[in-house]
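**Q** This is what each chain is made of:
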Amino acid sequence: MSLSANNLSLTLSNTPLLNAINLDVLPGKISTVLGPNGAGKTSLLRVLVGELAPDTGSVTLNGCALQDCPAIQRAKTLAVLPQHSLLNFPFTAAEVVMLGRTPHASGIAHDREIVAQALQAVDGDYLAGRIYTQLSGGEKQRVHLARVLAQIWESSIEGDRYLVLDEPTSSFDLAHQHLTLEVVRNLAEKGVGVLMVIHDLNLAARCSDHMFLMQCGSMVVSGTPQEVLQRDIISSVFQVEATIGVHPRSGTPLVIT
Amino acid sequence: MRLMAPNRLLMILGCSLLPLVLLALMMGPVFISPASLLRALFEAMGLKAAAGGASQDGLILFSIRFPRVLLAGLVGVCLAVCGTAMQGLFRNPLADPSLIGVSSGASAGASLMIVMGGGALLQGGQFAGLSVVALGAFGGGFLAVILVYRLATSETGTSVATMLLAGIAISALAGALNSLLSFIADDEMLRRISLWQMGSLDAANWPRVWIAAGAVALVMFLLPREGAALNAFLLGESEARHLGIAVDVVKRRLILMTAMAIGISVAVAGTISFVGLIVPHIIRLLIGPDHRYLIPASALAGAMLLIVADAFARVVVAPAELPAGILTALLGTPFFLSLLAQKRRVEEN
Numbered sequence: 001m002s003l004s005a006n007n008l009s010l011t012l013s014n015t016p017l018l019n020a021i022n023l024d025v026l027p028g029k030i031s032t033v034l035g036p037n038g039a040g041k042t043s044l045l046r047v048l049v050g051e052l053a054p055d056t057g058s059v060t061l062n063g064c065a066l067q068d069c070p071a072i073q074r075a076k077t078l079a080v081l082p083q084h085s086l087l088n089f090p091f092t093a094a095e096v097v098m099l100g101r102t103p104h105a106s107g108i109a110h111d112r113e114i115v116a117q118a119l120q121a122v123d124g125d126y127l128a129g130r131i132y133t134q135l136s137g138g139e140k141q142r143v144h145l146a147r148v149l150a151q152i153w154e155s156s157i158e159g160d161r162y163l164v165l166d167e168p169t170s171s172f173d174l175a176h177q178h179l180t181l182e183v184v185r186n187l188a189e190k191g192v193g194v195l196m197v198i199h200d201l202n203l204a205a206r207c208s209d210h211m212f213l214m215q216c217g218s219m220v221v222s223g224t225p226q227e228v229l230q231r232d233i234i235s236s237v238f239q240v241e242a243t244i245g246v247h248p249r250s251g252t253p254l255v256i257t
Numbered sequence: 001m002r003l004m005a006p007n008r009l010l011m012i013l014g015c016s017l018l019p020l021v022l023l024a025l026m027m028g029p030v031f032i033s034p035a036s037l038l039r040a041l042f043e044a045m046g047l048k049a050a051a052g053g054a055s056q057d058g059l060i061l062f063s064i065r066f067p068r069v070l071l072a073g074l075v076g077v078c079l080a081v082c083g084t085a086m087q088g089l090f091r092n093p094l095a096d097p098s099l100i101g102v103s104s105g106a107s108a109g110a111s112l113m114i115v116m117g118g119g120a121l122l123q124g125g126q127f128a129g130l131s132v133v134a135l136g137a138f139g140g141g142f143l144a145v146i147l148v149y150r151l152a153t154s155e156t157g158t159s160v161a162t163m164l165l166a167g168i169a170i171s172a173l174a175g176a177l178n179s180l181l182s183f184i185a186d187d188e189m190l191r192r193i194s195l196w197q198m199g200s201l202d203a204a205n206w207p208r209v210w211i212a213a214g215a216v217a218l219v220m221f222l223l224p225r226e227g228a229a230l231n232a233f234l235l236g237e238s239e240a241r242h243l244g245i246a247v248d249v250v251k252r253r254l255i256l257m258t259a260m261a262i263g264i265s266v267a268v269a270g271t272i273s274f275v276g277l278i279v280p281h282i283i284r285l286l287i288g289p290d291h292r293y294l295i296p297a298s299a300l301a302g303a304m305l306l307i308v309a310d311a312f313a314r315v316v317v318a319p320a321e322l323p324a325g326i327l328t329a330l331l332g333t334p335f336f337l338s339l340l341a342q343k344r345r346v347e348e349n
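Chains B and G are the protein sequences, given in the same order. Per the working numbering, the first sequence starts with residue 1, numbered consecutively. Per the working numbering, the second sequence starts with residue 1, numbered consecutively.
No wet-lab data here; the hints were simulated from the structure. For every residue, glycine included, the Cβ atom is placed at its ideal position computed from N, Cα and C. Check before you lean on any hint, since a few could be wrong.
What the hints assert, rightly or not - Quick look at which bits of chain B chain G covers, simulated, 3 or more residues with Cβ under 8 Å: (1) 43 to 53; (2) 74 to 84; (3) 98 to 106.
Stated by the list, open to error - If you anchor each label on the Cβ, the simulated ranges turn out as follows: (4) G:Thr156 x B:Ala65: 15 to 21 Å; (5) G:Pro319 x B:Ala105: 55 to 61 Å; (6) B:Asp200 x G:Ala161: 32 to 38 Å.
Isolated chain G (complex conformation):
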């Protein structure tokens, strides 16, 4: 018994993404009315309204809101889609990208930069719109995954079970490094470390949007081609091989893709937990585990969840901000629990 037809869900998600983006653009410490949102959009498209010059709303929209909402959406896509890929690869609906060490590696990398980098580096050090901390996060995350992958690969192929264990080991190691760095950090650094680990999109700017867009473009170009392979993977590796899937090639591709995409999303937005685990799960409860639909639907739902969470993060304690990572869990969990309950009711009848 399925709760929804896949095409219907894709249509619903697709149709609600744009209104949601527009709504998110209006929300923030400064509320932008629909009328001035439209005016600013028209101005941007060259259809200058009667009043000359860029309005204040236009300025807020294009230098703050737009990059932020777009970044939220793009990071949401990365997290949700990579979560889907990992759950398929590990044949485990409880898997998520952090399982292969990427999140803890990134945390350790970021902490290292915060503690070792010192004040000067933190203020001025920028590269392509990314702070030194973000670069440290990307490096740390990527390094951890490569290590995990190497540990699990022998000449007979990559063992998913060994990868799971290696991921736990490397995560523990990175966690210990992280604790050590927190221990030697001063109060200011400690606050930065813990805020960074909660994940937030407040550092959004256009260069970060372009970097995240690159990651999403690559993932959404490559991953949907592996939909049939991921479906076969769920039967087991031997069965996938008997169905003509080049198992080791697919595995390597998925791991590298996840390391790259999650590394980038962690670098631009910190570790935002929950999206990668729960979004694919929710979609699977609704439409079943067929990856040909699961991947695009998770991408849309991941983008929407993070856009909504970030919009709330901006307004609930305005003019201050909550880390978006807290809100993804606060918003997603009740929805997920209600779906579980509904599913149980359907099965009992």
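Excised from the complex, chain B in its bound form:
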């Protein structure tokens, strides 16, 4: 089973945003979407999670067309971390994470345990009792990461689980960027299919099993980091001269600009 986009096209107010995109997010694998600003990464994500309806093509979640999938079944198998949150009510951090348990009827004691574990996973146990609106940007983003983790913490009888993240590391310091990748890696090892939009090519190279490189609404190339991160591809897509090395410890490609 998978989270799949089949031949997606999208045009909003006469601007073509996506053009015949095919993509599969497989359980247990980490996929990243890369590309310059305005390449259509966020649009692709929004179509994939059902926030926008495509003009042509379809999205399937574990073989079921996304728009026909019952809301609760969808919520139990697909969690989404947006770039920004609108939340401005004074919940405690633990209460925000608890919102991730909304689709589940697993009992308050069990949910509390999951909330504590999810907060711990993002190095946020010390935040639990603090008021969300008083946290820093990075802390807020970690609380939301914990919230989506709590949403898909346990395997579901509804099918394989997926996590979609839009620039999860944008407001994090170095340590927390790496922590996020570790969290995502652990999640994939538990069988969750992960799709991330990420701007830092080297971070992407270190964690991705599969990369999708977009430009102007089209998929330019997809494959392993070694296949995608090549000198001529990077110079044509990002308009930047780059040298490709090898990361001394992980052995993954290292893009030096």
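Go by the hints and put chain G onto chain B.
**A** Leaving out everything else, chain G in the frame of chain B:
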């Protein structure tokens, strides 16, 4: 940092409601002593006291005080709970039911009836215990909300931002209609219009109590089920959808429920401002924004605020009466301001 645990607040509010009701029953132009209050209550329950026949106190209690105190409580519940729902729906702690046009629509409807209805209709025209003016208010309020909802709904769903703008537009339109009606009204009508707009419970009777009780029963049956949905709403509509909430269904339910409940409460008691805005706000300052506690706590606090305000309205200038709408603001604001100050102190330490 929270000022109070939710269950503790619910317990405190729950325990103080009954004593408050009894106290309010005693207060008025004619003071009823605790002893005669008890005697009248026992008489009503069939435990006739030694003295035969209904006492004068009993008469005042059952034909005037009881309906009035109950109506105050019920209207208070409607206003506070619908305010909570609107603040959640709009993700804005400053929202209140008037935002979707219900109050101004109701005012315009009532003014229309006062001005166009003429004297005869005002005296005699009654339907199920409601005057023609009250029916006009309900009609006007409901119509305004439906209009606002329609304007904000397209095939892609209901846009909360558009609803806010449509609410402002419809409110302005209803306000203009109201001003126009005030302009052509004579002195007597003008006084009635402005008194009606201040909100008062002096027209309380048993039929009105039953109508308001129906509204409260419906709202308190339906709304607490949406507590989890409203919590998810605070994250944003997309996030609520990702958490499995049927966003558009919930929105429609909340809007219709508010239109109905506020329409009825405005019809039976006029526009009583402030309760719908400040009560949920006060409760949120005390126990945080979790709607599963916020809704019942706001309901209790709204009932209590309006019962107290109405009791004061009856005694401060006795034998005349002040409109309760003035007193809700006079009583609630100092409390609210002191809470804000206390909250700031807690946060600074």
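**Q** Indicate, hint by hint, whether the structure satisfies it.
**A** Here is what the structure says about each hint:
1. 43 to 53: Answer holds; 3 residues pass the 8 Å Cβ test.
2. 74 to 84: holds (count 7)
3. 98 to 106: holds (count 4)
4. G:Thr156 x B:Ala65: 15 to 21 Å: holds (19 Å)
5. G:Pro319 x B:Ala105: 55 to 61 Å: holds (57 Å)
6. B:Asp200 x G:Ala161: 32 to 38 Å: holds (34 Å)
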